[in-house]
Amino acid sequence: MYNPVDAQFQAKAMRAGTAAWALQRLSGLFLTAYLITHLIVIGTVVRGEGSFDSMLSKFESTPFLVLDAGLVGIVAFHGLNGARLILLDFAVGLRYQKALFWASYVIAVGVFAAMVVAARNLL
Amino acid sequence: MEAKLRVRRYDPSSDGLAQYQLYGVEMPESATVLDTLLATRERLDGSLAFRCACRSAICGSCAMRINGQSRLACKTKVIQASPHGRPVTLEPLASLPVLKDLVADMGPFYDKIRAVVPWLAADPAKRPPVREYLVDAGRSTKLSQFAACIQCGVCYSACPMVAADDRYLGPAALAKAYRFCHDPRDDAKAERLSRVAREHGLWRCHTIFSCQEWCPKGVNPTEAIQNLKKLTMLKRLGFIRE
Ligand code: SF4
Ligand code: FES
Chain A
1 MYNPVDAQFQ AKAMRAGTAA WALQRLSGLF LTAYLITHLI VIGTVVRGEG
51 SFDSMLSKFE STPFLVLDAG LVGIVAFHGL NGARLILLDF AVGLRYQKAL
101 FWASYVIAVG VFAAMVVAAR NLL
Chain B
1 MEAKLRVRRY DPSSDGLAQY QLYGVEMPES ATVLDTLLAT RERLDGSLAF
51 RCACRSAICG SCAMRINGQS RLACKTKVIQ ASPHGRPVTL EPLASLPVLK
101 DLVADMGPFY DKIRAVVPWL AADPAKRPPV REYLVDAGRS TKLSQFAACI
151 QCGVCYSACP MVAADDRYLG PAALAKAYRF CHDPRDDAKA ERLSRVAREH
201 GLWRCHTIFS CQEWCPKGVN PTEAIQNLKK LTMLKRLGFI RE
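Line by line, the protein sequences are chains A and B. So for the first sequence, this note's numbering puts the first residue at 1; every next one is plus one. So for the second sequence, this note's numbering puts the first residue at 1; every next one is plus one.
Each hint should be verified, as a subset may be incorrect.
Stated by the list, open to error - Using 30 Å as the maximum straight-line C-alpha spacing, the simulated DSS-like pairs for lysine-lysine come out as follows:
#1 B/LYS100 - B/LYS126
#2 B/LYS126 - B/LYS75
#3 B/LYS100 - B/LYS217
#4 A/LYS98 - B/LYS100
#5 B/LYS217 - B/LYS142
#6 B/LYS217 - B/LYS230
#7 B/LYS75 - A/LYS98
#8 B/LYS235 - A/LYS98
#9 A/LYS98 - B/LYS126
#10 B/LYS235 - B/LYS4
#11 B/LYS126 - B/LYS230
#12 B/LYS217 - B/LYS126
#13 B/LYS4 - A/LYS98
#14 B/LYS75 - B/LYS230
#15 B/LYS189 - B/LYS100
If you're looking for bench data, these hints aren't it; they were derived computationally from the structure.
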C-alpha cells in the first residue's frame with residue numbers, strides 16, 4: 001500500500017551523523033569535566049594521607065560507582081567514534097558511517113553495562 | 001483535500017518583521033507543495049513570493065524549508081509533509097539573507113561556488129590532443145554523481161557548519177571542487193586545492209552528513225569533502241607529489 005508518510009519526515013529528530021557529532025562533543029565536555037575533578041581529587045594527596053583518604057571515601061558510594069561505570073562507557077564511545085572520524089577523514093568507510101556510529105554506540109553501552117556489573121561485585 | 005500552508009511572510013518594504021500566514025486551498029491528493037503555492041498565489045494572494053521554474057526537480061530554484069527541513073517544493077507532496085492534514089510550514093532556505101517571503105538571496109551561495117574555480121581549466125601551454133579528450137568510463141561514472149548537482153542550495157541550508165560559520169564554503173562548492181579536481185582534463189588542481197584546503201573550507205566540515213541526507217539529486221558532498229581532505233593530507237605528508 002502507498003504510505004504517504006515519507007521516511008525523511010518521520011526521522012525528524014536526528015540522523016546518525018548529527019547524533020554522532022553531538023554525542024562526540026558532549027562526551028568530550030564530560031571527559032574534560034572529569035579530568036578537572038580527577039586532578040583536584042588526586043591533588044589532595046599533597047595535603048597528606050588523611051585528607052586524601054577522606055576525599056576518596058566520599059567517592060565510594062553507589063552513585064559514584066555508577067558514574068565511574070559511565071565514565072568507562074563514555075571513554076569507549078569517545079574513543080571509538082574518534083577512530084570512526086579519523087577513518088572518515090581519510091575517506092575510509094564513508095558509506096558505512098551510520099553502521100560505524102551505531103557500532104561505537106552499542107559497544108559503549110555494552111561496556112557501561114559490564115562495568116556496572118563489575119562495580120556491583122565490588123560493593 | 002484542503003491543503004493548508006503556513007508561510008513565513010517577510011516584506012522588506014514594511015517594518016521588517018516576519019510573520020506567519022495561514023492559507024487553505026482545495027488541491028488533489030497528488031499535489032506537491034509547489035503546486036499548492038502556485039494555486040494559493042493564483043486564487044488567494046497574488047503578493048506571495050517564491051521561486052520556481054521547471055516543477056520537476058531539475059532547475060533547483062524552488063528549494064525552501066518545509067516543516068523545518070530543506071527540500072525542493074516541487075519534489076515534496078503536501079500529503080508527505082503533513083499526512084494528518086496539519087498546516088505545512090514553509091520558510092526560506094536557512095543561512096542565506098531573505099529577499100521576500102520564500103525567496104532567499106542565493107548570492108553568497110553562488111559566490112562560494114565561483115570561488116573554487118568551478119570549470120575545466122586546461123593549461124594553455126599544453127598541446128590539446130589531436131582527437132577528443134578521453135575520460136575513462138570508471139572515472140566519468142564516479143564524477144557523474146557530483147556533476148548531477150543542480151545548485152539548489154538545499155545542502156547549504158541543511159548544513160549546521162554553514163549556519164555556524166558564514167565564511168564556510170559549504171557542501172555544494174566543495175563537491176564542485178572535487179568534481180573538477182578529479183577530472184583528467186583539468187590542470188588547475190593545485191590552485192583549486194589551495195583555495196579549499198583552508199580553515200573556512202575543507203576543515204570546517206565535521207562529517208555531520210546532513211548535506212548527503214537532504215540532497216534531492218543523490219549527490220554526496222561529504223564524500224567529496226572527505227576525499228579532498230585525504231588528498232590534501234597525503235600531499236602534506238609527502239605521499240603524493242604533483
Ligand atoms: S549538492 Fe545536492 S543539495 Fe547541494 S546544491 Fe547540489 S543538488 Fe542541491
Ligand atoms: S521548480 Fe525546478 S527544482 Fe523545483
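Here is what the structure says about each hint:
The hinted pair formed by B/LYS100 and B/LYS126 fails the criterion: a straight-line CA distance of about 48 Å is larger than 30 Å. At most 30 Å may separate the alpha-carbon atoms for a hinted pair to count; B/LYS126 and B/LYS75 exceed this at roughly 44 Å. At most 30 Å may separate the alpha-carbon atoms for a hinted pair to count; B/LYS100 and B/LYS217 meet this at roughly 26 Å. Only pairs whose Cα atoms come within 30 Å are accepted, and A/LYS98 paired with B/LYS100 is rejected, the gap being roughly 38 Å.
Between B/LYS217 and B/LYS142 the alpha-carbon distance is near 15 Å, which keeps this suggested pair within the 30 Å criterion. A C-alpha spacing of about 24 Å is found between B/LYS217 and B/LYS230, which places the hinted pair at or below 30 Å, so the restraint holds. At roughly 25 Å between alpha-carbon atoms, B/LYS75 and A/LYS98 fall within 30 Å of each other, so this suggested pair holds. Between B/LYS235 and A/LYS98 the alpha-carbon distance is near 28 Å, which keeps this suggested pair within the 30 Å criterion.
Distance restraint check for A/LYS98 and B/LYS126: the Cα-Cα separation of roughly 44 Å exceeds the 30 Å cut-off, and the hinted pair is therefore not satisfied. Restraint check for B/LYS235 and B/LYS4: not satisfied, since their Cα atoms lie roughly 54 Å apart, outside the 30 Å limit. With a CA separation close to 28 Å, the supplied pair B/LYS126 and B/LYS230 stays within the 30 Å bound. Distance restraint check for B/LYS217 and B/LYS126: the Cα-Cα separation of roughly 35 Å exceeds the 30 Å cut-off, and the hinted pair is therefore not satisfied.
Between the alpha carbons of B/LYS4 and A/LYS98 the distance comes to roughly 35 Å, so the proposed pair goes past 30 Å and is violated. Of the pairs offered as hints, the one joining B/LYS75 and B/LYS230 is violated, with about 34 Å between alpha carbons and a cut-off of 30 Å exceeded. For a cut-off of 30 Å, the pair hint linking B/LYS189 to B/LYS100 is broken: about 39 Å separates their Cα positions.
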